[in-house]
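Engineer: Sequence:
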Amino acid sequence: MPTPYTRVGSKPMCGIEVMAQSTDSIRRGLPRQSHRAAATLWRDLLLVFAVATVVALAGLRGTFLGAASTLGLVAAVVGCAFLSAWHVTAMWGFQFHPTAAFLLAMPLSAATGIAWRSVVQGRELKRVRDTFGAYVGAEVLESLGGKMPELGGETRQIAVLFCDIRGYSALAESMGNDPKALLDELNGHFAPLVAALKKRGAYVDNYVGDLVMALFGAPVSNGSYELNVQAAVLAALDFVSLVEERNIGRRARGQFPIEVGIGVHCGEAVVGNLGSTDPNSGGKIHYTAIGDTVNVASRVESATRGQNVALLVTREVVDVCGEGEGIPMLERIGEVNVKGREAAVEIYKIGAK
Numbered sequence: 004m005p006t007p008y009t010r011v012g013s014k015p016m017c018g019i020e021v022m023a024q025s026t027d028s029i030r031r032g033l034p035r036q037s038h039r040a041a042a043t044l045w046r047d048l049l050l051v052f053a054v055a056t057v058v059a060l061a062g063l064r065g066t067f068l069g070a071a072s073t074l075g076l077v078a079a080v081v082g083c084a085f086l087s088a089w090h091v092t093a094m095w096g097f098q099f100h101p102t103a104a105f106l107l108a109m110p111l112s113a114a115t116g117i118a119w120r121s122v123v124q125g126r127e128l129k130r131v132r133d134t135f136g137a138y139v140g141a142e143v144l145e146s147l148g149g150k151m152p153e154l155g156g157e158t159r160q161i162a163v164l165f166c167d168i169r170g171y172s173a174l175a176e177s178m179g180n181d182p183k184a185l186l187d188e189l190n191g192h193f194a195p196l197v198a199a200l201k202k203r204g205a206y207v208d209n210y211v212g213d214l215v216m217a218l219f220g221a222p223v224s225n226g227s228y229e230l231n232v233q234a235a236v237l238a239a240l241d242f243v244s245l246v247e248e249r250n251i252g253r254r255a256r257g258q259f260p261i262e263v264g265i266g267v268h269c270g271e272a273v274v275g276n277l278g279s280t281d282p283n284s285g286g287k288i289h290y291t292a293i294g295d296t297v298n299v300a301s302r303v304e305s306a307t308r309g310q311n312v313a314l315l316v317t318r319e320v321v322d323v324c325g326e327g328e329g330i331p332m333l334e335r336i337g338e339v340n341v342k343g344r345e346a347a348v349e350i351y352k353i354g355a356k
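4 is the number of the first residue of the sequence shown in this note's numbering; add one for each residue after it.
None of these hints come from the bench; they were simulated from the model. Since we're looking at a predicted model, the values are computed, not measured. We treat Cβ as the ideally placed atom computed from N, Cα and C, and that holds for glycine. It cannot be assumed that every hint is accurate.
Stated by the list, open to error - Pair ranges (Cβ atoms, derived): (1) I251 x E345: 28 to 36 Å; (2) R256 x A347: 36 to 44 Å; (3) N190 x A346: 34 to 42 Å; (4) R253 x A346: 34 to 42 Å; (5) V211 x Q258: 19 to 27 Å.
Claimed, not checked - The calculated DSSO-like cross-link candidates involving lysine-lysine, where the alpha carbons are at most 30 Å apart (straight line), are: (6) K202 x K352; (7) K202 x K183; (8) K352 x K342.
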């Protein structure tokens with residue numbers, strides 16, 4: 004059998020002599036010492052670290068490095084099991100087993116993997132908040148569970164809301180075309196609107212001057228198509244009420260009231276990332292919706308000027324949400340034509356709650 008002396012050129016010791024030497028050491032009360040050199044401790048520590056690193060890398064799913072690390076780890080575990088079974092048959096007594104370092108690395112590597120994933124998940128959660136925090140409410144962020152929603156192109160049934168300030172040019176002129184004052188006024192106008200939208204689970208898609216576009220049902224749904232449509236109508240009603248309250252204060256200060264036009268339509272739309280991903284050209288992508296549903300919603304919002312009402316919805320919205328909870332009576336007031344559409348769009352007026 005191999006002994007510490009074997010390393011310096013001696014021949015293996017007979018098993019019966021090993022037993023005799025061990026018995027004599029026990030009889031004389033001599034302390035037991037491992038035949039392993041102190042230098043091997045560093046080797047074992049490096050082995051533990053290496054195995055823990057491999058296991059952590061194996062958790063990188065969907066990457067070549069993760070796949071290679073997983074295969075290497077499986078091969079190492081199988082090899083270790085084979086060596087352990089072979090060495091168990093040898094008379095090592097209570098000596099430190101050569102494979103113990105590798106076996107010890109298993110629970111340590113599990114702890115390393117958990118710590119690594121915690122760091123990765125923390126970064127992912129921060130990325131989700133940075134990406135959607137300015138566009139959706141806290142409740143929607145919480146529902147994402149720290150995971151990015153599916154942002155690939157797909158067709159969904161959603162509700163689209165457009166809101167515009169009427170008399171934007173007159174507003175700018177009344178402020179002497181002061182850019183800072185105008186931006187402050189617009190931000191003061193958008194703040195309650197965005198709050199009302201987020202409260203109802205909307206995704207604030209875009210700002211175009213004094214116009215806001217919001218989606219209900221993408222990238223996160225309120226639960227069902229009907230609930231998304233109802234949420235869009237209720238958000239519009241909330242904002243109309245807020246504008247009326249703000250106008251009371253504006254009139255008291257001698258300022259002219261702010262008037263808005265809101266249009267809501269629902270149906271199928273293509274949603275997903277739109278834009279350029281080429282970093283060389285400063286490319287930027289944006290999650291949005293395109294299609295006939297978006298065009299109709301924009302046209303309905305424009306029709307509020309001719310009808311002298313703050314809020315209009317389409318027949319499709321009426322058919323989906325009807326007179327749901329919190330939604331008042333609906334009154335058909337006519338039709339509007341949409342470019343590219345043969346059939347006119349029926350529009351309905353909604354009164355105050």
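Engineer: Tell me the numbers of any earlier hints that the structure contravenes, in ascending order.
Structural biologist: Hint check: 1 fails alone, others pass.
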